[in-house]
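Engineer: Chains A and D supply the protein sequences, listed in that same order.
Going left to right, the first sequence walks through residues 425 to 804 as our numbering numbers them.
Going left to right, the second sequence walks through residues 425 to 804 as our numbering numbers them.
You may find that some hints are simply not true.
Which copy is meant is left open, so a pair is good if it fits within one copy or across any two.
Straight-line distance between alpha carbons at most 30 Å, and here's what the computed DSS-like set of lysine-lysine pairs gives [to be verified]:
{"#": "1", "residue 1": "576", "residue 2": "625"}
{"#": "2", "residue 1": "545", "residue 2": "495"}
{"#": "3", "residue 1": "685", "residue 2": "443"}
{"#": "4", "residue 1": "495", "residue 2": "589"}
{"#": "5", "residue 1": "518", "residue 2": "610"}
{"#": "6", "residue 1": "484", "residue 2": "545"}
{"#": "7", "residue 1": "518", "residue 2": "589"}
{"#": "8", "residue 1": "793", "residue 2": "525"}
{"#": "9", "residue 1": "589", "residue 2": "496"}
{"#": "10", "residue 1": "721", "residue 2": "484"}
{"#": "11", "residue 1": "589", "residue 2": "519"}
{"#": "12", "residue 1": "496", "residue 2": "443"}
{"#": "13", "residue 1": "655", "residue 2": "610"}
{"#": "14", "residue 1": "545", "residue 2": "496"}
{"#": "15", "residue 1": "610", "residue 2": "525"}
{"#": "16", "residue 1": "518", "residue 2": "758"}
{"#": "17", "residue 1": "518", "residue 2": "672"}
{"#": "18", "residue 1": "443", "residue 2": "790"}
{"#": "19", "residue 1": "519", "residue 2": "545"}
{"#": "20", "residue 1": "625", "residue 2": "495"}
{"#": "21", "residue 1": "721", "residue 2": "496"}
{"#": "22", "residue 1": "728", "residue 2": "576"}
Hints are computed from structural coordinates only; laboratory data are not their basis.
2 protein chains.
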Amino acid sequence: PLMESYRFAELVDVIATVKQNIPTDRIVHAFGLGHPMLFALAVALGCDFFDSASYALFAKAGRYMTVEGTKKIDELDYISCTCPVCVEHGIRLKKLYGEDKTRALALHNLYVCFSEIEAVKQSIRDGRLWEHVALRCRSHPEMMRALTALTKHSDWIATLDAVTKNSAIYYTGFETALRPEVVNAKKRLERIEGGMRIPLKPYGEVPPGLLEFYPFGQTLHPENTSEYTFKETALEKLRMMADYQFGKGAGALIPDNAIVKKSRNTGRMRWVYVNKEMFLTIRASDHFLLPKEGYMKLLHENFKYPRLRVVLEDDGEVLACVKEGKSVFAKFVKEVDPELKAGDECLIVDHLDNLIRGGTLHMSPKEIKDFTKGMAVRVR
Amino acid sequence: PLMESYRFAELVDVIATVKQNIPTDRIVHAFGLGHPMLFALAVALGCDFFDSASYALFAKAGRYMTVEGTKKIDELDYISCTCPVCVEHGIRLKKLYGEDKTRALALHNLYVCFSEIEAVKQSIRDGRLWEHVALRCRSHPEMMRALTALTKHSDWIATLDAVTKNSAIYYTGFETALRPEVVNAKKRLERIEGGMRIPLKPYGEVPPGLLEFYPFGQTLHPENTSEYTFKETALEKLRMMADYQFGKGAGALIPDNAIVKKSRNTGRMRWVYVNKEMFLTIRASDHFLLPKEGYMKLLHENFKYPRLRVVLEDDGEVLACVKEGKSVFAKFVKEVDPELKAGDECLIVDHLDNLIRGGTLHMSPKEIKDFTKGMAVRVR
């Protein structure tokens, strides 16, 4: 009834409530959710499967599905769909009778459903699911209400969201300022105290030293101008990035004698040496700092347990594997710093807090706890 | 170069400048505008034809068109398009070689282009072109800039826009408050002085008596609540509607002894009688007032030339035709009240300002002046 009566905002709240109250490793099957307009929204909320007889029921009632809503076939003047049914019949589709018409419409509706599933999958691969949802939600005011409802769950989604992505963040409207990436970025900005700030939509005020860091440097907002002449030294920028990524105090651990080397091609900071040893590298795509042994040890000494840590179970075999560089699987993790996010660099320690290696978190802390399968940390 | 370098906002300004400086009856052919992402925007600005070799040039470069932008075929993991090429090959499309690949991509690109042309046509039929543009513009930040640029031309578009439409107005984002229908409605609201107002997005403050009138009653905005108990009498509402539709003073011309009859089915005002004669009817779809002879005479007496008037050329044959009830063609119109809009009820007068009949404007005053063909006024 929520779907038939277009109460999509309530549907959002229902799915979100369910998802927040079951372990994250449970597969969610959305029974009866059969309109392609809703797939992206449901997937963004964590639905994994759909099934529905809507494609056939709609067909019987002369209803023609599109990703922007349902149309009555008899009211259409043009057919813009390119599915085999629509290419074969064109607008004469509405002149078909009885069984033929129902069958043709059902087939078209199925094509649209499967097409949207593929589009959602591609948008996930591209890291653009949020943009896809924002687009679909603009097809009806009740979908817009659903989008508003979705943004109210951003804090929860943000706890599961990755802290770095390969995709840019496109401004699409009010919802951009409320998306999980922005929620997470604003929270990390609190790690930086004082200093100069410049306005950057939709984040508010951002320290200039972070303008190239993800997500700030990857955000395309029509009201942002890219003009800013850096006054900060490379080391000042680096320390700010470290504070932002790891937490307050991480920047101060980079010693004054650190030497920052830049890429010949791009002129961007790439490598940092301390006493002729590689101290950290800077990833080109998102400017994340990838600490080497020297920096890892300093982070380990100065950030108290369990900060920055993934703690392994007390299991000699697991320990040996991780030391060799094999990935850490979720079921062998005893504890994780809850402030870490998927995509974060972390310190892998044993149950006595001995530093084993560095790694990259591939799940959120909550997922690591819930999942008994899958890779939790890729070892560096 | 504007299109290749994604300078869509400038493209909007260029087309708008051209359109504002040529007569409205000229057909505009957009040479080289070949990306389906742009069609709706260009049509909204008044382009009539497109041609471009982009579909083939893009294909040669391995570029796969979608209405949301261009993708590199080699970077896709899923194919969501249902065109015959994509259904035949699926994701194996990217494994084709040389000529085969180019040919397949070119054909796909053409399907997408023609599909979008049909979708634009349907959206025009549905009165939903603006919503269609708003959707397409959310696929890229430069398209969002273009949408902002489009809204800056709303005052101009509003002069050509119809004052009533069959379609509802859907809230899609910031641009809804700036669309031509809203511009026109806000201007007409100035015709009503004082009285109580209630907030109604995106119009600002609206007199409750107009809540069912177009576009107020046809606007779906998630922040508007529909709860309001009318305290106004039917006659008070009617006079307010008259002031809004025809201009200040039109309401006062409805006499105190007017009898308002309501529909048995809907309970809405439908007919108004004065001294047992039909004085006006109220159209159910948009609540526009359709004046009968008595009211027309009063409007004619009390609104000074050329207000509310379409003035015919001094041509006996034309006059005779119009008296019989035949439509008024643009070339026989000498003058039009510039405050009238397409969709408005008007007074058809001869060159000596004798009232001939009532009618409905089917073009904007500017179009009536520019066009030598086509129906300007449908006679009631």
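Engineer: Starting from the hint list further up, note which numbers the structure goes against and sort them upward.
Structural biologist: 3, 5, 8, 10, 12, 15, 16, 17, 21 and 22
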